[in-house]
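2 protein chains.
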Amino acid sequence: MVIGGGFGGLNAAKILANKPSILVTLIDRRNYHLFQPLLYQVATAGLSPADIATPIRGIFSRAPNIHVRLADVHGLNLSAKKIKANGHEISYNYLILACGAKHSYFGHAEWEEASPGLKTLEQATEIRRRILLAYEQAEKEADTRSKMELLTFIIVGGGPTGVELAGAIGEIARYTLERDFREVHPNQSRVILIEAGGRILPSFSAKLSARAVLDLGRLGVEVRTNSRVTNVTSSGVWLGDEFLAARTVIWAAGVQPSSLNAQLGAACDSSGRVIVSKDLSLPQHRDVYVIGDQAHLELTPGQALPGLAPVAIQQGRHAARNILRQIAGRQTEPFQYVNKGQMATIGRRRAVLQAGPVQFDGFLAWMTWLIVHIYYLIGFRNRIMVMLDWAWSYLTFQKGARLIMADDWHSYRRKS
Amino acid sequence: MVIGGGFGGLNAAKILANKPSILVTLIDRRNYHLFQPLLYQVATAGLSPADIATPIRGIFSRAPNIHVRLADVHGLNLSAKKIKANGHEISYNYLILACGAKHSYFGHAEWEEASPGLKTLEQATEIRRRILLAYEQAEKEADTRSKMELLTFIIVGGGPTGVELAGAIGEIARYTLERDFREVHPNQSRVILIEAGGRILPSFSAKLSARAVLDLGRLGVEVRTNSRVTNVTSSGVWLGDEFLAARTVIWAAGVQPSSLNAQLGAACDSSGRVIVSKDLSLPQHRDVYVIGDQAHLELTPGQALPGLAPVAIQQGRHAARNILRQIAGRQTEPFQYVNKGQMATIGRRRAVLQAGPVQFDGFLAWMTWLIVHIYYLIGFRNRIMVMLDWAWSYLTFQKGARLIMADDWHSYRRKS
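First to last, the protein sequences are chains C and G. Going by the working numbering, the first sequence opens with residue 1, and the numbers climb by one from there. Going by the working numbering, the second sequence opens with residue 1, and the numbers climb by one from there.
It should be emphasised that the hints constitute simulated quantities derived from the structure, not laboratory data. Misleading hints may appear alongside valid ones.
Identical chains share a label here; the pair holds if one copy fits it or two copies do between them.
Stated by the list, open to error - In silico BS3-like cross-links for lysine-lysine, where the CA-CA straight-line distance does not exceed 30 Å:
(1) K207 / K278
(2) K14 / K278
(3) K14 / K207
(4) K340 / K84
(5) K82 / K147
(6) K340 / K140
(7) K147 / K278
(8) K81 / K140
(9) K147 / K207
(10) K84 / K19
(11) K207 / K82
(12) K82 / K340
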C-alpha cells in the first residue's frame, strides 16, 4: 500500500505496476498528481492548473494491479498493520508513506490568512487572484500611498520557490501588465524578497546566490537578507521594528512534514521528519517505508537529504524495489542518491544551475531548466500544452491564464 | 460607457475602439470575457478555464481610448446620466447596458445548492468537481443502491446547454472513465435530461429535435419530455409524484435578466427583459441602449429575438454604431438581425445545425460546429490551445482537465 500520489508515491507505484501477484492500493486525498516545481507558474498566471496536474487514475489505467483510492488517511496502526482512511480500516502487508509536507508558519498559524503558502492548486489560484486583484484595485486607487501599498508584493523565504515567485512577479510588474494598466507605472510597483538567513538560495554556491540577487535586481526585485519576519497582518509585514506596508504577502519559508509522523512512534528530527534506516524503512517496522519530504536520511553524517523532487522520485523507486526484494526473500539494499543537481529560474530568460562542480547561470541555464522541466512533466499532452503556453508567453510577454476567479463558487452565484 | 464585457458589450467597445475623440469606459465585474458557448466543456473536464476566457484588458491593450474597469454596477440614474459602481458615481454621455442574464429557478432559489446552473467559470469547475467526485465515491461504494444514485446525473432543461451537457456527460460515462474506474460499469450510470416542454431543442425543427433524442440515446442519455420539476433536493429530483434519486443535478432551465432592469423605469416583458425601441435604445432615454439577454426586441411581431451569442454580438455593434451616428448628428438606424443559424453538439462527433431552410446533423454538423466555435474563440492563443485540447480528447477519449479542486482554497490549506 502506498499513501500519497506525489513524486515519491507515484514513482513507487510505477515500479510495482504490472508486477504479477502484487496488489497495490495507492491512496491520495486528491485525484491528481501535481507537478509541484511549476506551481509558481500557476500562481503567476503563466500556466493553467490542468497543465501541471494529471489524474492519478489516468496514469495507472493500464496497470490493473494498481488500485487508486481517493481518501484521507488519518490513522496508522503499525503493529496491527492497518491504516484508517475516511473512517474505514484497511490492512496492508507493506506500507510506503509518501505524504509530503505542508507550510510551516513557525507556530504562527494566524499568519496564513494574510500570507498563503504555495503547496496546492487552490493556493496557487488564490495567489494569482490576489496579485491580479491588487493591480485592478491599484488602477482605480486615487490615493498614492494606498496605490503603492497595493503594488507592493512581499515574498517571505529565499529558497527556490521564493526566488522563482519573486522573479515571475517582478516580470509581471515590469512587462506583462504594463500595457494593460494605464494608471499604474512599472516603477510604482515593488517586489521584495525576504530571507532570514545570510543569503538567498542557501543550497546553491555563494557565487550563484550572488548571481541570483543580480538577476532579480534587473527585474526590480529587492532582496533583503538577514531579515526575520516577526509579524504578518493584512496590511503588511513586520521585521522587528521595521514595517513594510504591502497588501499581498506570499509565504515560501519553511515546511513541516505530514502530521501522520506523530503516529509512527519513531524518532523524528527537529523539524518533525522521521529518521529512517539506510534502506528507507522504519527501524522498528521493516515493512514500513517513509520517503520524500516526510523522511530524514543522512548519507553524509550531519547532512540530511533535501526536500527536492529528485530525492522523492529516487526514494520512491528504491522503496518499491526493496519491497520486491523482501517479497522474494532477499536482503534490502541501502538507498543511494544520485545528485543530478539543482536549478532555480529567475524570470523568463535566466536561471541558476548547480550540479556537483558544474555551475552556470543566465540564458543557457534557463534553457536547460526549460528542457528538464518539460521532460519531467508527466504525460505527453501536458508537455505540448506547457510548451505552447511558454512559447506564447515568451514571444508576446503575455500571460495566458490571467483570470481572477472567485475563491469559492458561492460568491458569484446569486449575483445577476 | 459600456456595462458588461460579454459578447454584446465587448463588440460594442470594439466598434468604438480607436475612434478619435471618443472615450469609452468598459465596466465588468470580472476581469475576463467568457466564451459562454463552451462553458459546458469546462464543466465536463474537456477544457481549462483559461481556454475559454480572455482578460478584457488584453483585448483592448492597443486601444488607448478604451478604459477597462473591474467594478460591480449596482445603481442607475438615467435622468442624471449617472451610474453607481462600487459606491462611486460616474457620469456618462451615452450608455450601453449589456449585463446579460443569470439562471432562474422559477422562484425556488433554494434549489440552487443542489443543482448549480452553468453561467460562470466557478459554476463550471464546481459542476466538474461534483461529476468527478461522484465517480470517486461510486468506486468506493459497496451498497448497490447508493452506487446507482451516485452514478445518476440529471440535467434539467432541454435547450442547447442542457443537450450539450447531457451529451458530454453521457460520453464521459460511456468512454472516458471506463478504464479508470474498476468498480464502476458504464451500464450502472444513468444520464437523464428533463424538459418541461413537448420536445428538446424547441428552437430547432421537429426533425432535428428527434435526431438529437436519437443521438443522445446512443450515448445512453434518457430524455424525458413533458416533465416538470416540482422539487430538487440533495438526494434527487421530484417530477410531481415521481422521484428520481440522483446525487448530481445540473440546472439548465430558464434565465432571468440582470436585476438592473428594475431600475430602468421602462416596460419589461414577462421574463423581465426590457422592451427596447427598434434602434435598441430605451423609448424614454435615447442615449441609453440595452442589448443582448437583457433586452426584448421583436422583429417579427410576437417573436422576441432569442438569448444567443450572435444576437448579442450584432446588437453590440449596432448600438455602438448608432451612438456614433448620434454623435455625428445623424439619425439612428433600426436593428436588423442576420440569422446565421443555430447549432448544438451532441457528444464528440454529432451535432444538429439549422440555418434558415438548411438543416443537417451528424458528423458534418459537428465539424461545422467545431470550426465555427474555434473561429469565434477570441485570441490566437486560445484557438491553438482549444484545438489541441480537442484533438487530444478526440484521439484518445481522454479528458485533459479532470481535476477535482476544492470549492474554496481554505478547505485544504491547514491539512498536511
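Comparing the hints with the structure gives:
no.: 1; hint: K207 / K278; in the structure: neither (33 Å within a copy, 72 Å between copies)
no.: 2; hint: K14 / K278; in the structure: within (22 Å within a copy, 66 Å between copies)
no.: 3; hint: K14 / K207; in the structure: neither (38 Å within a copy, 51 Å between copies)
no.: 4; hint: K340 / K84; in the structure: neither (37 Å within a copy, 59 Å between copies)
no.: 5; hint: K82 / K147; in the structure: between (56 Å within a copy, 26 Å between copies)
no.: 6; hint: K340 / K140; in the structure: neither (48 Å within a copy, 40 Å between copies)
no.: 7; hint: K147 / K278; in the structure: neither (55 Å within a copy, 45 Å between copies)
no.: 8; hint: K81 / K140; in the structure: between (60 Å within a copy, 21 Å between copies)
no.: 9; hint: K147 / K207; in the structure: neither (36 Å within a copy, 60 Å between copies)
no.: 10; hint: K84 / K19; in the structure: within (26 Å within a copy, 67 Å between copies)
no.: 11; hint: K207 / K82; in the structure: neither (49 Å within a copy, 60 Å between copies)
no.: 12; hint: K82 / K340; in the structure: neither (36 Å within a copy, 64 Å between copies)
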